[in-house]
Each structure stands twice: as structure tokens, then as C-alpha cells.
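Engineer: One letter stands for each residue in the lines below.
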Amino acid sequence: MGVTCVSQMPVAEGKSVQQTVELLTRKLEMLGAEKQGTFCVDCETYHTAASTLGSQGQPGKLMYVMHNSEYPLSCFALFENGPCLIADTNFDVLMVKLKGFFQSAKASKIETRGTRYQYCDFLVKVGTVTMGPSARGISVEVEYGPCVVASDCWSLLLEFLQNFLGTHTPGAPTVFGNRHDAVYGPADTMVQYMELFNKIRKQQQVPVAGIR
Amino acid sequence: MEAPPVTMMPVTGGTINMMEYLLQGSVLDHSLESLIHRLRGLCDNMEPETFLDHEMVFLLKGQQASPFVLRARRSMDRTGAPWHLRYLGQPEMGDKNRHALVRNCVDIATSENLTDFLMEMGFRMDHEFVAKGHLFRKGIMKIMVYKIFRILVPGNTDSTEALSLSYLVELSVVAPAGQDMVSDDMRNFAEQLKPLVHLEKIDPKRLM
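If you read the protein sequences in the order shown, they are chains V and C.
The working numbering numbers the first residue of the first sequence as 1 and each following residue consecutively.
The working numbering numbers the first residue of the second sequence as 1001 and each following residue consecutively.
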């Protein structure tokens, strides 16, 4: 586990999501990055069922329950700007029991899947973000393995990102700011994915012609 | 470098419906030593294990008549151990053929920000206590002998007071639903602890 930056790559002009993903992965292969299987990050949204609203009078908060193939036995539960709970996968069973209080928002499941590449100390994952049957965007995750303090290796990560993504290089993830000099952990990566998924959810759907 | 195993699908776990089979009893403080001695003889040969846990019971109230109850437990003597979140369903007494109380249960290991997270979910703490005692195992059976302490100042686990002059004894097995045969083994084991302690299937409704 190192320090990770998750960002969105816009679809290249005149290209489809799939073609843009291929462009990126080809670039990695040219660099000499080694293909290491696949990855998947998923996110299910739950909202407070109407039943609890009346008695507590608080606005319905959204809760996100996520999984990451990098941590196959864990389940991450998050609130926006709130705590991130790391639990084992029995947490999914608990959500079934909590059906009367928390309901999964219909058709809100969003996930990203793609190939995992190792390039020296960097782990790169380029994924297609899908919601239901439609491709909604591209996620790029870059992890620098040997360091766990974000502020110590951000410039190194940035240099790699600039080489790889060019003008689409992201700024420092907000989770870095919250935890200055603190040890970076898996929960920070999940917060970044949650933010990315929320951003993509709000964006216009890619026209059907562009999906293929 | 060897590629780590990466599965395409995250393992979305435990759809299996797990049940806890439970027998309960109690011993007075002065009988503790002889019970422990007996258990050491009967149970799996392992290092004597003790525990000191802080348990908080959280409620989520909705419009339903009964609130949703979750138990958060942390070890006070093993720092760095994960927190334990537990859901327990309605206990079923069943008929005479089943020798133990049965209730649905979900056990989850979590990170240490569990209480903050439960509050964020809308849960409120109802009560808390400290449990201190001994743990034994025999196969899949778990035997806990422990004393419950009342917390005098909320949140401060340093000032506690014993709730009674006795120890609670619990014999439990967590198994997939429908495996009622485990209650036979439990009864046989409970027989061997007589007359030091009488473990029974106690209907919690009777105590209310």
C-alpha cells in the first residue's frame, strides 16, 4: 500500500470511451508497464428510508457502500465528508438486515473495471466507469508503492501523471490536504473513488453512439 | 515481480444466514475457580484466554415499533485489535427437540471509527458495559465465563462497578441456519458441567 491518486480522464475527441481506454493502456504498454490482471471498484448508494426521517427530522443522508478488488475481503462504508468505516464483507449482510432503515437507490450502482498495470514502483489502473449498461467515463488510478506519506511523494506522483496524462493531469486529491503528513490508507483511496463516481453521476450521459 | 492474486469480482461476502445457538447460566463468585478448573479439563487444550471488553449498545429508531439494535465491542486489553460489530435477531425458543435458544447473527470486524460511523448513520447509544472474563473453546463451541461491570461515568471505562456477585456463563455456537444438530452437542456438553453450573435455554421474553 502506498499513496494513490484517482482521477478522471475525459474521453478523447472523436473517440469512444473504449478507444480512449485503449489509447491509455497502449501508452502504458509502450512504457514497458507489466499487465497484472484486472481490477474492479464498485459503489452502491443507500439513502435513509422515509421511515426514519420523520422521527429524527434530519435530511436524508446518502451512504455509500463500496468494494475494491485490491482489498477483496473488505467492505468500505462512507458518508460524504464523513467517516469511512472499513469492515469485513459481512457488512453487506448487515445492509440487508437494515433494509427498513436504509434502502439502496435504484439503479445507482456504479463501478469501474479495467486492467491493472505495474510500472516499476507505480501501480496504474485504467478503468471504464459504468452505471447500469452505459459507459459513463474513464478512471485513472496511480499508486506510488514505496511511500505512505502523501506530502512526501506527491511531486513524484505528479511527474508521472504529467507524463502519462499530459494536459489532463489532476490537482492534488483533497484527501491529501485533510491528512497533511499523516499516513495514507486504503480509506483515502475509496474516498477519492466516491468523489469521482459522484462527479461522473452528475455529468451528462455519454451519447449511445460513443459507448462502443 | 510476482503478480498478486486479483479477482475480477470483489468478494461480496457472507450471504449465508448464520445463527447463534445459545445456552446460559450463572455461578456465584466463590464457585468460579472450580468451574474454570472443570472447563480446563473438558475444553480444547489451549492457553487460558482472558478478555476485557467494552460493549456499547446502539439503537436506531424508526417508525417501526421496535428499534434496530447493534452492539459494538472493543477489546480493552488488546490494543490494535479490530472492533466487533454484532447484529442479533429475535431469539427463537423453538420446541423441546432443539436444546438451545437460536437467533440470527451477523458478526463484522471493523475499523476503530465504528462509534462515529454508527452515530453518522443515525444510531444513538443506549447503554454500555464492561465484560471481563475467560474464554474456552471446544471444537466449534465457545464458552464464555464473565462478569458484567456497570460504567459509573458514561464513556469512562476506568470507573466501573460489578453488577452482581456472580459470573455469567454462556455456551454458544455460530452455525449456518438449520443445523439444529449442534444443539445436541451443546446439551451433552452442558450435562458435563452439572452440577457446577446449569446451562439452560433462557427465554429473554420471560425476563422482561
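Derived by calculation from the structure, the hints in this document are not laboratory data.
The reader is advised that the hints may include incorrect statements.
The calculated label-pair distances, taken between Cβ atoms and stated as ranges, are [claimed, not checked]:
hint, chain 1, residue 1, chain 2, residue 2, range
1, C, Glu1112, V, Ala172, 25 to 35 Å
2, V, Leu73, C, Arg1071, 14 to 24 Å
3, C, Ser1164, V, Leu73, 53 to 63 Å
4, C, Asp1203, V, Pro146, 35 to 45 Å
5, V, Gln103, C, Leu1207, 27 to 37 Å
6, C, Leu1207, V, Ala172, 53 to 63 Å
7, V, Gln203, C, Asn1097, 14 to 24 Å
8, C, Gln1090, V, Gln103, 42 to 52 Å
9, V, Gly177, C, Ser1031, 52 to 62 Å
10, C, Arg1071, V, Val148, 28 to 38 Å
11, V, Glu80, C, Ser1164, 24 to 34 Å
12, V, Ala12, C, Lys1061, 44 to 54 Å
13, V, Asn81, C, Leu1207, 49 to 59 Å
A short list of chain C residues far from chain V (calculated; beta carbon distances all over 12 Å) [what the hints assert, rightly or not]:
hint, residue
14, Met1018
15, Glu1120
16, Pro1195
A quick note: this is a predicted structure, and the numbers were derived from the prediction, not measured.
Think of the CB as a built atom: it goes at the ideal place given N, C-alpha and C, for glycine as much as any other residue.
Engineer: Is 27 to 37 Å respected by the C-beta to C-beta distance linking Gln103(V) and Leu1207(C)?
Structural biologist: 34 Å, holds
Engineer: At the C-beta level, are Gln1090(C) and Gln103(V) separated by a distance inside 42 to 52 Å?
Structural biologist: Taking Cβ atoms as reference, Gln1090(C) and Gln103(V) lie about 22 Å apart, which means the hint is violated.
Engineer: If I claimed the Cβ atoms of Arg1071(C) and Val148(V) lie 28 to 38 Å apart, would that claim hold in this structure?
Structural biologist: Since Arg1071(C) and Val148(V) have Cβ atoms about 33 Å apart, the given range 28 to 38 Å holds.
Engineer: Is the distance from the Cβ of Asp1203(C) to the Cβ of Pro146(V) consistent with 35 to 45 Å?
Structural biologist: 58 Å, violated
Engineer: Does Met1018(C) clear chain V by more than 12 Å, comparing its Cβ with all Cβ atoms of that chain?
Structural biologist: 8 Å, violated
Engineer: Using the beta carbons of Asn81(V) and Leu1207(C), state whether their distance is inside 49 to 59 Å or not.
Structural biologist: This hint is violated: roughly 43 Å between Cβ atoms.
Engineer: Please check whether Leu1207(C) and Ala172(V) have a Cβ separation lying inside 53 to 63 Å.
Structural biologist: 57 Å, holds
Engineer: Could you tell me whether the CB distance from Ala12(V) to Lys1061(C) stays inside 44 to 54 Å?
Structural biologist: 52 Å, holds
Engineer: Over 12 Å to the closest beta carbon of chain V is the bar; see if Pro1195(C) clears it.
Structural biologist: 38 Å, holds
Engineer: Looking only at beta-carbon atoms, does the pair Leu73(V), Arg1071(C) fall within the given range of 14 to 24 Å?
Structural biologist: Holds, at about 22 Å.
Engineer: The hint says 53 to 63 Å between Ser1164(C) and Leu73(V); measuring C-beta to C-beta, is that right?
Structural biologist: For Ser1164(C) and Leu73(V) the Cβ distance comes to about 39 Å; the hint is violated.
Engineer: Has the hinted range 14 to 24 Å been met by the Cβ atoms of Gln203(V) and Asn1097(C)?
Structural biologist: 60 Å, violated
In this structure, the earlier hints numbered 3, 4, 7, 8, 11, 13, 14 and 15 are contradicted, and the remaining ones agree with it.
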